[in-house]
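All chains should be modelled from the sequences, with the hints used to inform the complete structure.
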Amino acid sequence: MATMTHRRPCLELFLLVFVACILQPGYSETLPELSVVQKWAEKLDNDFEKVAVDGTGSTVLTKNYQRFYDERIVKFGTVNSMTLVTEMAEKLTTMLGGKMESLRRSVSLAEKAAANHTWDPTLKLGNVDYWNSKEPGQLLDHLEYSERFKQQINATRSSVHIPVEIYEGDIHILNGLMWSDHLDTVFEENYQQDDDILWQYFGSQTGFMRTFPGSLWTTPDDEVDLYDVRRRPWYTQGSSSPKDMLILIDRSGSVHGKTLQLVKVAVKSILDTLGENDFVQIIMFSTEADYVSCFKTFVQANYRNKKLLGKAVDALTANGMANFKVGLNFAFEQFEKFEDKFADMNRSSAGEGADCNKMIMLLTDGGTDMAEEVFKERNWGRDRMIRVFTYAVGQTANSVKDIKWMSCANRGRFSEIPAMGAIRAKVQEYMPLLIETKGSLNVSDAQWRLNSDPRGLGMMTTVTLPVYNRTIGASNQTILGVMGIDVTTAQMEQFSPSWKLGPNGYTFAINTNGYVIFHPLLKINHYLKDPPNMDFLDLEVENDMTVLLRKDMIDHVINSMTIETYVKSPDERHVDVEKRNYSYTVINGTNFSLGISLPLYQKRFPQLEGNACNITDMNFTHSEVLVAPWDYYEGMSSNNLTGFLADLHKVLKLKQRCENLQFADGIKVDMDKVKHLHWDMQMAKLFDIYWTDMAAYPHVMNKRVVAHFMGTASGITTVFPKSEAGLLEKDRDTWKAIYYRRSLDTSKSVFSVDYTLGKRSVNESVPNIRITRSITMDISGDTYKPAVAGLFISHETIVDVMLKTIEKNTKSGTLSCSDTAEMLCYLLDDGAFLIATNQPDKETEIGRFFGHVDAGLMSALYNETYLRLEQYDYQATCSKSDDGSNSAASLSFRIPSINLLFDLLTVNWFSSFWTWTAFNFNLFSWLSPQTYAASVEIPEEMIQSTDETDHCIKKQAQYYFSDKLGTGAFKDTIYPCDKNCTRDFYAVRFVKTNLLLLVATPECPDCVSTADSERLIQEPRRDEGPDYCNMKPRYRNNPEKCYDYDEKEDTTKCSGSYSRPVSAAVIAIATIASLLSAFLLTDR
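Heads up: the sequence shown is residues -28 to -1, 1 to 1056, going by mature numbering (1 follows the signal peptide of the UniProt record, and there is no 0).
A few of these clues could be false.
[Claimed, not checked] Listed next, with one range per pair, are the computed distances between beta-carbon atoms:
id, residue 1, residue 2, range
1, D984, E550, 29 to 35 angstroms
2, K348, H528, 40 to 46 angstroms
3, S719, R676, 24 to 30 angstroms
These are calculated hints, taken from the structure and not from any lab test. C-beta atoms are modelled at their ideal positions from N, C-alpha and C, and glycine is treated no differently.
See the structure below:
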């Protein structure tokens, strides 16, 4: 009995624990069998499909469109992507060729004008008549607004920009302004002959830039104007060959404090002179030598690499003793390793190196070691000697004689950088030597390059040619400057055969570096002072086929291929795996290749003639017609548009055949758009009639449908009833509308809801659910999709359909979605966004990424039900206040414009000119860059606005259905928070819609996991980017010719301007006087 008495409490305790486990939330047997849930999903799929078909009227609308083809009212042509890309390339070749001819005329006149000019050493500033583009008072009365240039211009005269650190009264500037004034004649002639020609300009080797038409140069209010045409990539590329540059930094202990800061800024200023065809490496030395960054070899001098190198330079510290032999040996080893790597192969096949203009840039505070034996052993015996440019940095007591000798003995130049204000002028003293080498060979090959327009027209393709000094008896090594003409990428894209490509087809172009010239995913960020250098594989998802496509286009291959790739929605929240056809060819006369991407279903296009344009009635009883903000006729989008049918009264014609459409004089009509518009207007009228008739039978209509709508390829959207037109307001442009483009890519019904990042307020109404279906015509076995039909329905209605359907197909005693306390039911879309739920407390999260709704379940679904595409967005913008990095790390650093102060402290300045006025202006401009506004009021529209955003990298993911699930079901159990609690769930994917049914047991109490804790990336977030140090260089092609050697080169002129500081007393007096002057002006 004692034993039995001892065991009984144990048995009771066991029973209590067992019962507790049964009642524990999340116990697996609370869910129905998997087969039951699969049946629910099948029935829901059918019911939701019926809601979609009936609510959109897609069956009737398809018949309406199909009748026009069946009755031969509308004919269809065949879309051949290879033909389309060839035709567009020919048009671009003609257009760009015309710009090339204009450029050659300008160069010819410039060389004649320079040759005929008699040098005048007596010229004074007041003797030369020119418009200074930075003087509003001189220009404003002569400017008129131009729609072509999106600003005020003068179409009969050019204006001149002179860098802030250059004295405009310099005799070389004045003579250059005199002869270049004749360019206005040819500039205006080109402007009159070419209706779409844009900026024409001449960049002088002396620093000024003459631009036509004349305009005001504006700079953001918080910035100093540091623009110097000689530092722009289009100028350096147009005047010299590419470079393999190694920057060698002395980081010994004597290079500290201010001198070290000067070195850092100087290095980044040198980086600013490099472009995408150049390659660069940075190393440092003192007692030993090492790499400055993680890059162990030469890397392409693109925007991203230069920014990373700039950040690495900012981290430099000074210590040790300078050993020039160690540093120079290490530098030459880098070239030798680089050359050995490609000894048995074509360098361009690996995408590395310019293989031209090899040079070392040595920055030091001085030294007494020539390291002659290093040069003798490693440089003087080379077929092409590596140039050595040396810079003595800082006000140093160290000798610079040996540093100067290094440059003179190795085809380079020596320069001093004694102060911050001297950096910009001094670092670029290496460039004239490279320019002279190319100039001595009289090379006149055109260069094409992507640039950002400093005057606000966005991304430009710039074509350039060098301008030579053809004066009889002059040295043939002299390049006077570079002539350029701009073509916006938008001008190139206007030749895209959009109506044949459809909303999801597009054109793009890349250059021989693989960088995109234009592409629908290329963002135009105004704050980028350099081209974005966005690689084709940064925009398109990289795989074996897209890599091959890119290589073909770089090599100017003409071909077509079909690629399975990821297609992202316009808002980049959804992605689908689709097949696309890519066709590509070369744009003759340029280094560009043109491509077309086309959906496989885009095989036909309408050819609208005859009665296809016959509109009989434009009165809409109960529907509203919204109009896309397009130019159906020239200038339409610039008018005060209402966004409704009234905007189209100029182009809509009743009872007219397509070929008989007549328009008022002076109206330039886009006939493709207008003909398509007439056809779709007939469909819109039938849409209005259908839903007006249906409204007469309330027992047939679903009363909880909020609105019906139809968006068309011609840009009109018809909404029934009129009162709900506001639901489509943001989607007026059907070709940009997310619902429209996503529906075209699938035959399924697409359910969507407005996205939200966080929870909605409890006071906000639950958003309506949008359901859309594409209208698909059968054209002799091919497809054409002229429209997308849709409806808005309340969340309550969808949940009601879900609950009733499930209840109808559930046995008594089995849990269903009606049991909201015991079972969670979710409808998710193909991007893992919450569409509907049976949980009232979750209604504020409709439209949210499911990882934020239930991170535990989403984590379990990932890699089973959903996969994700992760990509870096290299074009992202971030708030500057969110950037914790030191502002000095930025590549686009600001240097005070005190070059004149530097000049003032030298004997050279006093011997060249004495004007204190110029000095005070420049110094005061540095201290207070907005002074020009004090005397002249500048119209608000001519001042560029500043922005608090900056370029950054973000990482984002898009989720999509996994093939693992197929159309089947997924069952699993999760163990949240490591507690004694389990959660079972089922996930079943629908067949006819883009939905997934998720059924789960409730969340465990006191257990909260987040998307971040589960590493569920979805929203874009700031990121450092990939591991650049170990990235394999992408394939590219070098320019065909290299001009880096001239046997007649004069190597005796190896020293830049050398300046001896005047006495300390003079320095003190000049500084105090200038600062006092600036202070008084500021106080006033």
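Cross-check of the supplied hints:
At roughly 31 angstroms, the beta-carbon separation of D984 and E550 lies within the given 29 to 35 angstroms, and the hint holds. About 44 angstroms separates the C-beta atoms of K348 and H528, a value consistent with the hinted range of 40 to 46 angstroms. Between S719 and R676 the Cβ separation comes to about 26 angstroms, which falls inside the hinted range of 24 to 30 angstroms.
The structure agrees with every numbered hint stated previously.
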